[in-house]
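Q: Given next are the chains, with one letter for each unit.
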Amino acid sequence: MSIQQTFYEAMREHGITRRSFLKFCSLTAAGLGMGPEFAGKIAHALETKPRTPVIWLHGLECTCCTESFIRSGHPLAADVILSMISLDYDDTIMAAAGHQAEEILEQTVEKYDGNFILACEGNPPLNEDGMYCIQAGKPYIEKLRHMADHCKAIIAWGSCASWGCVQAAKPNPTRAVPIHKVITDKPIIKVPGCPPIAEVMTGVITYMLTFDRFPELDRQGRPKMFYSQRLHDKCYRRPHFDAGQFVERFDDEGARKGYCLYKVGCKGPTTYNACSTVEWNGGLSWPVKSGHGCLGCAEDNFWDRGSFYSAVTNLNVPGGVEATADKVGAVLAGAAAVGVAAHAAASVISHTKDSNKGDSSHE
Amino acid sequence: MSSNVASGPHDSANQKAVYVFEAPVRLWHWLHTLSFLVLAVTGYLIANPLPALNGEASDHFLMGNIRMIHFIAAYVFAIGFAVRIYWALVGNRFAREIFYLPFWRGAWWKGLFYELRFYSFLTRKQHKTLGHNPLAQMAMFLFNTLGTVFMIVSGFALYGEGLGTDSWADRLFGWVIPLLGGSEATHNWHNMIMWVMIMFVIIHIYMAVRADIISRESSVSTIIGGWRMFKDDQP
Ligand code: HEM
Ligand code: SF4
Ligand code: SF4
Chain F
110 MSIQQTFYEA MREHGITRRS FLKFCSLTAA GLGMGPEFAG KIAHALETKP
160 RTPVIWLHGL ECTCCTESFI RSGHPLAADV ILSMISLDYD DTIMAAAGHQ
210 AEEILEQTVE KYDGNFILAC EGNPPLNEDG MYCIQAGKPY IEKLRHMADH
260 CKAIIAWGSC ASWGCVQAAK PNPTRAVPIH KVITDKPIIK VPGCPPIAEV
310 MTGVITYMLT FDRFPELDRQ GRPKMFYSQR LHDKCYRRPH FDAGQFVERF
360 DDEGARKGYC LYKVGCKGPT TYNACSTVEW NGGLSWPVKS GHGCLGCAED
410 NFWDRGSFYS AVTNLNVPGG VEATADKVGA VLAGAAAVGV AAHAAASVIS
460 HTKDSNKGDS SHE
Chain B
9 MSSNVASGPH DSANQKAVYV FEAPVRLWHW LHTLSFLVLA VTGYLIANPL
59 PALNGEASDH FLMGNIRMIH FIAAYVFAIG FAVRIYWALV GNRFAREIFY
109 LPFWRGAWWK GLFYELRFYS FLTRKQHKTL GHNPLAQMAM FLFNTLGTVF
159 MIVSGFALYG EGLGTDSWAD RLFGWVIPLL GGSEATHNWH NMIMWVMIMF
209 VIIHIYMAVR ADIISRESSV STIIGGWRMF KDDQP
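If you read the protein sequences in the order shown, they are chains F and B.
Sequential numbering from 110 applies to the first sequence in my numbering.
Sequential numbering from 9 applies to the second sequence in my numbering.
This is chain F alone, in the form it adopts within the complex (with noise of 0.2 angstroms):
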């Protein structure tokens, strides 16, 4: 094997056609939104570029992003991707094991430094020490570290990587930070998701591969051309919300109809991402589809922010107070209805006090 392998070369070295390599290229123009022109440069470019390594690495997670990347819609870009990037380390999926794994990601290291992909699914936790994920018996937070010194750029997968999900949700007991609170000196790009949606993945990482960039990006480091528009903005029960037709319980009739999730709590109108556009399982259904609301996984802290069910949900006041936006505001003007009426009352006793008594307020 030589150094410099490129792309087509590694493709090739295990198993896969030039006609697949061709189908493969025409499919990954088509699914980031390219003309049918940049099918030719995409090959072009994975005939003669040396290949990328990219180096997977798991901290605390669930695996439901690899779950969800090796089950990406098309078999073909399965393949094709997986040939690209299993070839150095993932953990999960990798032949190796044990000391005989480690050393590849020093190899790497040494052999691509400051030229490999790091892709990060899950994140490090770091109280006591980082001791609440242990790898090869030291805490992920070093290896972490590590890699990313290394590393030419970062791809937080998944809404572990890119917000803290789950393991950071409150109380956040082992202090579980996303990437980009640790690593400050390394391009990231996040791509959030509880998990992303395989051919997000799959697309921002043959974007990176073959462009040797990141796509554009939004304010927070999302890729544009999977997450620059909410499920609701594509919604295909869109219509639904704006005649003003709603299911107000899953057993009604609006449920059966198909009308819109609103009321019981979808998270569509404040999510960015794919969903209802790519759709999940090949493109098969999403959430809204099936007759549930979104979660709003793809954002920041969506478990901490009370009812998957209502519209309205919490304020999160620093403090911890769990009170939505109604709750509270329907007291605060409850008392100040009550405390004007209070102030009234008294103003006219102490008026009619000073009247009694013949002498005049304002002396």
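Just so you know, these hints were derived from the structure itself, not from any lab.
Where is the CB? At the ideal position from N, CA and C, for every residue including glycine.
Wrong hints could be hidden among the right ones.
Said to hold, decoys possible - Below 27 angstroms or equal to it, Euclidean Cα-Cα: the simulated DSS-like pairs (lysine-lysine) are:
#, chain 1, residue 1, chain 2, residue 2
1, B, Lys136, F, Lys462
2, F, Lys132, B, Lys24
3, F, Lys295, F, Lys261
4, B, Lys239, B, Lys24
5, F, Lys462, B, Lys239
What the hints assert, rightly or not - Listed below are several chain B residues computed to face chain F (Cβ distance under 8 angstroms; list not exhaustive):
#, residue
6, Ala55
7, Ala65
8, Met71
9, Phe129
10, Thr173
11, Ala177
12, Asn196
13, Ile222
With chain F held as given, fit chain B with the ligands onto it using these hints.
A: This is chain B with the ligands only, laid out in the frame that chain F set:
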């Protein structure tokens, strides 16, 4: 009402009047009130929609209309406020009062504590005020001025989500969303500050009417006609 008059003849010739609220300020006050009312009602209905309608989706546009009215009122609210800021710069000194707190002035703090005592019935003596007394000015600044700024900024940030990334609203105000903790949190804070402003409105109306009845100067008629009238000629 006779007890309100300290001493001396109480005839109109004796009343001193000062022109406090210029026409643009008064016009803005009522435009602001009206648009706030529309925004609060439609906003409440966005957060808590009406019972579902039956029939074809294409037969109705209820939620769409409620949102459209919210957005039209929002433009009135925001443009009105922008013009009001301009007037603060060119108008009389009372036009500036709601935009700052003169916390560097000892007299202002003294006045504030005096008003607090007055409204807690701890003192009978009533000061005369031309514009806002320090307590009123503080409430006005904190709840109305800052509240309005917050509602406009968070509102247009949410509006930018609908217009799309890279729309003018997203470019100008989109940064607020991550700052407030995401889209859902922005919705919730936009909703919460509405309630804070409603609380202010309740107290504001009470104070204005109360002042009109038992203080030494006009209040409700001042925001309608612009002139502050005094019911006595004591200092
Ligand atoms: C004091 C003035 C305002 C009040 C009282 C008000 C009130 C509200 C309330 C209660 C909501 C529902 C929040 C939720 O989803 O839980 C809302 C939503 C919204 N408001 Fe306002 N708002 C005001 C000003 C504005 C302004 C100036 C804009 C700018 C365009 C604006 C744009 C929006 C948008 C885009 C939404 C979300 C609509 C949706 O989710 O479909 N608001 N408003
Ligand atoms: S079901 Fe959810 S995403 Fe779809 S229109 Fe209703 S609120 Fe929006
Ligand atoms: S519909 Fe919502 S909760 Fe479900 S996967 Fe998509 S973003 Fe996550």
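Q: If a hint holds in the structure, say so; if it does not, say that too.
A: How the hints compare with the structure:
no.: 1; hint: Lys136(B) x Lys462(F); in the structure: holds (22 angstroms)
no.: 2; hint: Lys132(F) x Lys24(B); in the structure: violated (88 angstroms)
no.: 3; hint: Lys295(F) x Lys261(F); in the structure: holds (7 angstroms)
no.: 4; hint: Lys239(B) x Lys24(B); in the structure: holds (8 angstroms)
no.: 5; hint: Lys462(F) x Lys239(B); in the structure: holds (21 angstroms)
no.: 6; hint: Ala55; in the structure: holds (5 angstroms)
no.: 7; hint: Ala65; in the structure: holds (4 angstroms)
no.: 8; hint: Met71; in the structure: holds (4 angstroms)
no.: 9; hint: Phe129; in the structure: holds (5 angstroms)
no.: 10; hint: Thr173; in the structure: holds (4 angstroms)
no.: 11; hint: Ala177; in the structure: violated (14 angstroms)
no.: 12; hint: Asn196; in the structure: holds (5 angstroms)
no.: 13; hint: Ile222; in the structure: holds (6 angstroms)
Going through the hint list in order, the structure does not satisfy hints 2, 11.
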